[in-house]
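Asker: Put chain B on the given structure of chain A with help from the hints.
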Amino acid sequence: MIKTPQELKYTASHEWIRQEADGSLTVGITDFAQEALGDIVFIEFPQVGRVAEAGEAVAVVESVKAASDIYAPVAGEIVAVNDSLRDAWEGLNQDAFAAWLFRMKPANAGELAGLLDAAAYAASAEASK
Amino acid sequence: MLEKTILNDIHREAGAKLVDFGGWEMPLHYGSQIEEHHAVRRAAGMFDVSHMRAVDVVGADANAFLRRALANDVAKLEAPGRALYSCMLNAHGGIVDDLIVYFLGAGAYRLVVNAGTADKDLAWLARLATEQGLGVEIVPRTDVAMIAVQGPEARERTWRAFAGMQAATEGLRPFTAAFFRDWFVARTGYTGEDGFEVVLPAPFAPNAWHSLARAGVRPCGLGARDTLRLEAGMSLYGQDMDETTSPLESGLAWTVDRKSDRDFVGRAALDASHPARALRGLLLLDQGVLRAHQKVATAHGEGEITSGTFSPTLSRSVALARLPAAVQPGDRVTVEIRGKPLAAAVVPHPFVRQGRSLVDSHLNAARPS
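Protein chains in written order, with our numbering: chain A, 1 to 129; chain B, 1 to 369.
The hints are simulated quantities; they were obtained by calculation from the structure and are not laboratory data.
Note that the structure is predicted; figures quoted are calculated from it, not measured.
Any given hint might turn out to be false.
Listed below are the simulated DSSO-like cross-link pairs for lysine-lysine, each with C-alpha atoms no more than 27 Å apart in a straight line [stated by the list, open to error]: (1) Lys-259/B <-> Lys-76/B; (2) Lys-295/B <-> Lys-65/A; (3) Lys-17/B <-> Lys-129/A; (4) Lys-65/A <-> Lys-340/B; (5) Lys-17/B <-> Lys-3/A; (6) Lys-340/B <-> Lys-295/B; (7) Lys-65/A <-> Lys-4/B; (8) Lys-4/B <-> Lys-129/A; (9) Lys-65/A <-> Lys-3/A; (10) Lys-3/A <-> Lys-129/A; (11) Lys-65/A <-> Lys-17/B; (12) Lys-120/B <-> Lys-4/B.
If we strip away everything but chain A, and leave its shape as in the complex, we get (with noise of 0.2 Å):
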């Protein structure tokens, strides 16, 4: 069974999605790609301040097993990344809807609309396994 928080929305490259209070997104990566994944041990972040568009690579997860490129789900400023993960990496494996990656501002609100929501997420997962 895919674990997928029915709050969030998520992309079909695994990421996941929150919508903040002032209109920010927090962004990380799903329970099934960390699973995926295996054992992390280290986060090339985005600098903050970077604008990327959206489906842009913005951060790379290295694995015991490979380097996997994070995307931007939408077009936006990058604001924030998450500090807290360095040298604690492990953290992302043990709960991915916690230990979220970055934060950007979106160029468009309207954007969102295109992302997944949990049913059809959990759905294109389950069909990529």
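Answerer: This is chain B only, laid out in the frame that chain A set:
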């Protein structure tokens, strides 16, 4: 269709993540590769290595045959139970496979070869025996399973698991083996820790696995096996060496015995060669993870990483890399990762032995004072 070892069901029931490894369905990990790695460095872990192939070489000419077939010299195996690591070379000095050879007794040796190369090796050995007209029988032992128990507590816990085994094996020095009933127990391994590799009749393996688990030996997958061997500076066939590289370019000159005028396959090519490349250890000083095939820029030209990983013991990335031979331990190099040049130190390998870092001085030297 993947091949399966006799322990496949046990791995599946234990929740192992199973992957294709050289045509075999093998456990990558049982939950956390890093915890399995630490279990071997700190206590004891076990690996199903039944995908590797035991091959017995038997007959009046077995010694002469292996002195021709192997780059290391089995004449060193003076007493039954002694073991030797060797490469088997082609005529160009390239590595057909690397293996361990055990002396079982007059006219009898056991080779343990890699899974992915086993069929090729058997064909190679058979052809060589025919060419030489030597009286040897080459017997693949597909009737056995192999379990490697590794770690500082590995021997104690193995003895606890199997009544009577201690008396039969406690006198074993590293790189020797003995029979315990019809089990073949060798004090060898691929982790840089003490321990045993146990070759036993396949039907006994499931019970043996459970007994070891009850004695406190943690099941470990091939993921941990790879990070352990890399920390221990041990090469992996197909990755750090293959038929296009010689042992002299693979950090394995010490396994090539040219003390006598023995004419082993590949010798003429090695004698005529001037290796321009050498396998060296790299320690990443910046943050990131070294991976196979990344390019290495050195003062003497470009090289390439052959195996790279995150070292759980050092909490840093290490690698083996084939570099221009002039590059020496202590030199600084750069590895380009995603367009960024990262600093690495060339260091002697092994990086870790028996739970201890051997590269601390290089790390300390790298810190700004």
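Asker: So, for every hint listed, does it hold in this structure?
Answerer: Results of checking the hints against the structure:
1. A distance of roughly 11 Å separates the Cα atoms of Lys-259/B and Lys-76/B; the hinted pair therefore holds under the 27 Å criterion.
2. This hinted pair checks out: Lys-295/B and Lys-65/A have alpha carbons roughly 19 Å apart, not beyond 27 Å.
3. The straight-line distance between the Cα atoms of Lys-17/B and Lys-129/A is roughly 13 Å, inside the 27 Å bound, and the hint therefore holds.
4. Restraint check for Lys-65/A and Lys-340/B: satisfied, since their Cα atoms lie roughly 21 Å apart, inside the 27 Å limit.
5. Under the criterion of a C-alpha separation no larger than 27 Å, the hint pairing Lys-17/B with Lys-3/A is consistent with the structure, at around 18 Å.
6. In summary, the hint linking Lys-340/B to Lys-295/B is supported, as the alpha carbons are separated by about 12 Å, within the 27 Å threshold.
7. This hinted pair checks out: Lys-65/A and Lys-4/B have alpha carbons roughly 22 Å apart, not beyond 27 Å.
8. At most 27 Å may separate the alpha-carbon atoms for a hinted pair to count; Lys-4/B and Lys-129/A meet this at roughly 21 Å.
9. The suggested pairing of Lys-65/A with Lys-3/A holds, with an alpha-carbon distance near 22 Å, which does not exceed 27 Å.
10. Annotation: proposed proximity of Lys-3/A to Lys-129/A holds, straight-line Cα distance about 14 Å (limit 27 Å).
11. For the hint pairing Lys-65/A with Lys-17/B, the CA-to-CA distance comes to about 13 Å; that is within 27 Å, so the pair holds.
12. Between Lys-120/B and Lys-4/B the CA atoms are separated by roughly 19 Å; this keeps the pair inside 27 Å, and the hint holds.
The structure agrees with every numbered hint stated previously.
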